[in-house]
Amino acid sequence: MDFLQPSSWDDALAARAERHDALPIAGGTDVMVELNFDRRRPAALLDLTRVPELSEWSVAPDGTVRLGAGVSYGRVIAELGDRLPGLAMAARTVGSPQIRVRGTVGGNLGSASPAGDAHPPLLAARAEVEVASAARGTRRVPVAEFFTGVKRNALAPDELIAAVHVPTAAGPQQFCKVGTRNAMVISVSAFALALHPDRRAVGTGIGSAAPTPRRAPDAEEFLAGELDWDRRPALPEGLARAFGERVAAAASPIDDVRGTAAYRRHSLAVLARRAATWAWDDLRRAA
Amino acid sequence: MRVTTTVNGTERTADDVWPGESLLYLLRERLGLPGAKNACEQGECGSCTVYLDGEPVCACLVAAGQATGREVTTVEGLADGTALHPVQEAFVDAGAVQCGFCTPGLVVAAHDLLARVPEPSDPEIREALAGNLCRCTGYEKILDAVRLAARRQAAQ
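Those sequence lines, one after another, are chains A and B. Read in order, the letters of the first sequence correspond to residues 1 to 287 in full-length UniProt numbering. Read in order, the letters of the second sequence correspond to residues 1 to 156 in full-length UniProt numbering.
Hints in this document: simulated from the structure, not taken from any laboratory. A quick note: this is a predicted structure, and the numbers were derived from the prediction, not measured. Even glycine gets a Cβ: it sits at the ideal position worked out from N, Cα and C. One thing to keep in mind: the hints can contain errors.
Just a sample of chain A residues kept apart from chain B, beta carbon distances all over 10 Å, derived [claimed, not checked]: (1) 1; (2) 42; (3) 44; (4) 224.
A few chain B residues facing chain A, derived, Cβ under 8 Å [to be verified]: (5) 1; (6) 4; (7) 16; (8) 20; (9) 43; (10) 54; (11) 57; (12) 122; (13) 123; (14) 136; (15) 148.
Quick list of simulated restraints, FRET-style, between CB atoms [claimed, not checked]: (16) 81/B to 136/A: 56 to 64 Å; (17) 224/A to 40/B: 27 to 35 Å; (18) 136/A to 138/B: 34 to 42 Å; (19) 149/A to 151/B: 12 to 20 Å; (20) 150/A to 80/B: 49 to 57 Å; (21) 123/B to 263/A: 23 to 31 Å; (22) 10/B to 135/A: 30 to 38 Å; (23) 156/B to 228/A: 25 to 33 Å.
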């Protein structure tokens with residue numbers, strides 16, 4: 001096994017172009033588990049922790065945050081809780097302090113687990129993944145199209161994840177997750193919601209309840225159409241429930257060691273109902 | 001491959017390191033520092049917690065090569081010679097040590113908490129130690145130890 005340690009983004013892309021058999025590693029919270037347990041023996045590791053460009057974030061004039069792939073969950077919590085509240089809420093539920101200081105949003109996207117905690121809020125916020133190769137430069141992939149199967153993503157063999165572009169929240173966002181305890185838990189089901197009062201739209205993201213993280217487009221359209229965005233009365237209980245049922249219907253969960261398909265569907269309906277109620281209450285208070 | 005890293009203030013070099021090897025293996029098996037414990041090897045238990053460039057990490061989830069040129073502090077680096085660090089002393093005095101296997105990781109995690117938050121609330125202590133498992137104590141004595149260390153630190 002080779003250990004490749006580029007110290008710039010250009011060098012990293014060059015190394016990737018040359019070595020399609022290298023496994024990129026950032027915080028190591030997924031990759032090292034696979035190595036420690038002999039589940040994977042890549043021909044090389046491509047260490048991205050020395051690439052300074054990856055650990056930066058910036059804000060474009062339109063308010064979109066460009067979050068470098070190597071920014072840790074700990075930094076998302078400490079530095080971006082105001083701009084990206086949904087992602088920061090999800091980041092707070094990741095592992096433990098030791099994991100959050102190492103794990104990165106780019107790594108979560110690279111692993112592309114259906115249970116990745118960053119994915120639902122990125123879906124709800126309509127984020128885009130910036131990927132790059134030495135040969136073809138940069139392209140941007142809507143996050144909903146980035147996940148192509150269980151632990152599979154849209155990266156070509158010569159590409160690396162550079163960053164994720166996430167619009168600064170225009171309204172309240174929520175994230176909720178069900179697991180057996182608060183810390184150190186892989187979600188049984190997870191749900192993220194973003195209200196976009198500027199364009200009277202609703203964003204959703206479902207985790208751990210389908211082969212990939214996914215949106216619930218029908219539920220989004222339904223809630224956006226039913227909400228009284230002008231007067232903003234309390235969210236009718238029936239509407240919250242109907243939204244929850246539509247979110248649950250968008251999932252295609254399976255039975256596994258962490259939970260049954262039926263429980264995942266049921267819990268998603270509950271999470272979605274609560275998230276909608278909390279976010280709408282936040283919006284009413286803000287008015 | 002060769003890995004050179006600063007461990008507890010001293011530059012250390014190891015040769016013939018396998019590139020897929022963890023920092024934990026490097027510390028325990030190559031550098032003779034068995035303080036960080038090898039238990040779950042998947043970041044779930046916190047027994048291998050060490051500082052990497054001042055931040056507490058699971059050494060089992062850091063590739064050895066990633067520590068090249070970085071600063072590592074293990075539990076062995078906390079005491080001043082034979083004098084225990086106040087956090088270690090508090091663990092002994094509070095009876096927070098039973099079999100002792102989780103203790104090094106908990107001591108490093110508690111050390112980090114008290115350096116950042118000198119007078120932590122109970123929820124802050126629980127949150128800071130959420131990634132460290134103990135199967136003996138039931139955690140109450142560990143919480144006592146952290147509270148005791150904080151009190152002694154404040155009294156100084």
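Evaluation of the provided hints:
no. : hint                       : in the structure
1   : 1                          : 4 Å, violated
2   : 42                         : 8 Å, violated
3   : 44                         : 8 Å, violated
4   : 224                        : 36 Å, holds
5   : 1                          : 6 Å, holds
6   : 4                          : 13 Å, violated
7   : 16                         : 13 Å, violated
8   : 20                         : 4 Å, holds
9   : 43                         : 6 Å, holds
10  : 54                         : 10 Å, violated
11  : 57                         : 5 Å, holds
12  : 122                        : 14 Å, violated
13  : 123                        : 11 Å, violated
14  : 136                        : 18 Å, violated
15  : 148                        : 21 Å, violated
16  : 81/B to 136/A: 56 to 64 Å  : 58 Å, holds
17  : 224/A to 40/B: 27 to 35 Å  : 44 Å, violated
18  : 136/A to 138/B: 34 to 42 Å : 57 Å, violated
19  : 149/A to 151/B: 12 to 20 Å : 54 Å, violated
20  : 150/A to 80/B: 49 to 57 Å  : 51 Å, holds
21  : 123/B to 263/A: 23 to 31 Å : 28 Å, holds
22  : 10/B to 135/A: 30 to 38 Å  : 45 Å, violated
23  : 156/B to 228/A: 25 to 33 Å : 59 Å, violated
Of the numbered hints listed earlier, those contradicted by the structure are 1, 2, 3, 6, 7, 10, 12, 13, 14, 15, 17, 18, 19, 22 and 23.
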